[in-house]
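Asks: Working from the sequences, and respecting the hints, build out all of it.
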Amino acid sequence: GAVVSQHPSWVICKSGTSVKIECRSLDFQATTMFWYRQFPKQSLMLMATSNEGSKATYEQGVEKDKFLINHASLTLSTLTVTSAHPEDSSFYICSARYYRMDYGYTFGSGTRLTVV
Amino acid sequence: AQKVTQAQTEISVVEKEDVTLDCVYETRDTTYYLFWYKQPPSGELVFLIRRNSFDEQNEISGRYSWNFQKSTSSFNFTITASQVVDSAVYFCALSEPSSNTGKLIFGQGTTLQVKP
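Protein sequence lines, in the order shown, are assigned to chains A and B. Residues are numbered in the working numbering as their position in the first sequence, beginning at 1, plus a constant of 428. Residues are numbered in the working numbering as their position in the second sequence, beginning at 1, plus a constant of 27.
Among these hints, one or two may not hold up.
To be verified - Below, computed lysine-lysine pairings styled on DSS-like, alpha-carbon distance capped at 25 Å:
#1 B/Lys43 with B/Lys142
#2 A/Lys494 with A/Lys448
#3 A/Lys494 with A/Lys469
#4 B/Lys142 with B/Lys65
#5 A/Lys448 with B/Lys142
#6 A/Lys492 with A/Lys442
#7 A/Lys442 with A/Lys494
#8 B/Lys30 with B/Lys65
#9 A/Lys448 with A/Lys492
#10 B/Lys30 with A/Lys492
#11 A/Lys469 with B/Lys142
#12 A/Lys469 with B/Lys97
Just so you know, the hints here were simulated from the structure itself, not pulled from any lab data.
Replies: As structure tokens, this is what we get:
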């Protein structure tokens with residue numbers, strides 16, 4: 429239970445284009461989702477927290493206009509990297525918090541973005 | 028503010044050796060959760076353990092064991108009789124569920140290399 433599906437697994441795009449990454453909770457309602465970015469050999473850095481039906485909360489230093497997050501339903505959150513540049517190349521992972529018999533976080537499998 | 032420190036960047040051991048990964052955390056909350064995750068080269072995060080702040084019992088699961096000490100704000104992870112398949116990056120993480128977002132913050136990660 430508490431499965432999150434993230435797509436695509438990898439994407440290559442041209443500089444200046446936009447890329448959308450989807451994160452779906454398959455068997456539970458995710459009122460809160462988190463988006464992380466991970467550069468090679470580094471930790472997962474929280475980019476933003478999205479709550480269903482409201483604006484995302486961005487961490488300090490993360491450009492809101494560049495990384496658009498939409499959480500329009502209880503099962504879907506999307507991250508759009510707008511006008512991507514090579515420095516945006518990274519591994520992006522979504523996560524959802526769940527409350528069932530216990531409390532925890534479930535993670536998508538990640539999206540490897542390469543901007544050429 | 029919540030913070031997690033994993034001072035060991037890389038550890039290399041020979042198979043069958045025991046290895047301990049250190050984790051020190053900072054939080055102002057009395058209620059919090061600590062986690063350990065494993066990240067193999069594929070990138071997916073594998074959940075290993077969750078511990079809440081009111082449960083200081085140490086835990087053992089097969090070759091894995093965890094030592095939680097509130098007095099020193101540490102949550103260390105030991106692998107007994109390490110195997111090559113244990114090679115991965117290991118992250119310690121902290122969440123404060125009572126905060127507005129309940130976000131999960133990761134330490135810097137420790138890369139474990141187990142040599143045959």
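Asks: Taking the hints in turn, state whether each one holds.
Replies: Okay, the hints, checked on the actual structure:
no. : hint                   : result
1   : B/Lys43 with B/Lys142  : holds (9 Å)
2   : A/Lys494 with A/Lys448 : holds (12 Å)
3   : A/Lys494 with A/Lys469 : holds (24 Å)
4   : B/Lys142 with B/Lys65  : holds (18 Å)
5   : A/Lys448 with B/Lys142 : violated (39 Å)
6   : A/Lys492 with A/Lys442 : holds (21 Å)
7   : A/Lys442 with A/Lys494 : holds (16 Å)
8   : B/Lys30 with B/Lys65   : holds (19 Å)
9   : A/Lys448 with A/Lys492 : holds (15 Å)
10  : B/Lys30 with A/Lys492  : holds (24 Å)
11  : A/Lys469 with B/Lys142 : holds (19 Å)
12  : A/Lys469 with B/Lys97  : violated (29 Å)
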